[in-house]
Amino acid sequence: MSQKVRSPMSDARRREVGFTLIELILVIVLLGILAALTANLLATSLDQSRFDDSFKEMTDLSKA
Numbered sequence: 002m003s004q005k006v007r008s009p010m011s012d013a014r015r016r017e018v019g020f021t022l023i024e025l026i027l028v029i030v031l032l033g034i035l036a037a038l039t040a041n042l043l044a045t046s047l048d049q050s051r052f053d054d055s056f057k058e059m060t061d062l063s064k065a
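Note that my numbering has the sequence shown beginning at 2, numbered continuously upward.
I should point out that these hints are in silico values taken from the structure, not numbers from a laboratory.
C-beta atoms are modelled at their ideal positions from N, C-alpha and C, and glycine is treated no differently.
Just so you know, not all the hints are guaranteed correct.
[Claimed, not checked] In silico SDA-like pairs for lysine to any residue, Cα to Cα no more than 25 Å straight-line:
#1 Lys64 / Asp53
#2 Lys57 / Leu47
#3 Lys57 / Ala44
#4 Lys57 / Leu43
#5 Lys64 / Ser50
#6 Lys64 / Ala44
#7 Lys57 / Thr45
#8 Lys64 / Phe52
#9 Lys64 / Asp54
#10 Lys64 / Gln49
#11 Lys57 / Leu42
#12 Lys57 / Ser46
[As the list claims (entries may be wrong)] Label-pair ranges, simulated between beta-carbon atoms:
#13 Val30 / Asp54: 35 to 41 Å
#14 Ile23 / Leu43: 41 to 47 Å
#15 Gly19 / Phe52: 47 to 53 Å
#16 Glu17 / Phe52: 53 to 59 Å
Kindly generate the complete structure, drawing on both the sequences and the hints.
And the structure:
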């Protein structure tokens, strides 16, 4: 059986591959903030749409 000789360079390279825990946590936090802002914007938009529909319906009823 042949064994590969580990060089110091391969150990250093192995440490450089991938993301650190801090980077992953930062990305998850940023995605959470974006999701919260998007959900808030969507809820506000739906509320405004319901208000506009109700106002139009009341205006139509008052004209009848």
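Hint-by-hint comparison with the structure:
no., hint, verdict
1, Lys64 / Asp53, "holds (17 Å)"
2, Lys57 / Leu47, "holds (15 Å)"
3, Lys57 / Ala44, "holds (20 Å)"
4, Lys57 / Leu43, "holds (21 Å)"
5, Lys64 / Ser50, "holds (21 Å)"
6, Lys64 / Ala44, "violated (31 Å)"
7, Lys57 / Thr45, "holds (18 Å)"
8, Lys64 / Phe52, "holds (18 Å)"
9, Lys64 / Asp54, "holds (16 Å)"
10, Lys64 / Gln49, "holds (23 Å)"
11, Lys57 / Leu42, "holds (22 Å)"
12, Lys57 / Ser46, "holds (16 Å)"
13, Val30 / Asp54: 35 to 41 Å, "holds (37 Å)"
14, Ile23 / Leu43: 41 to 47 Å, "violated (30 Å)"
15, Gly19 / Phe52: 47 to 53 Å, "holds (49 Å)"
16, Glu17 / Phe52: 53 to 59 Å, "holds (55 Å)"
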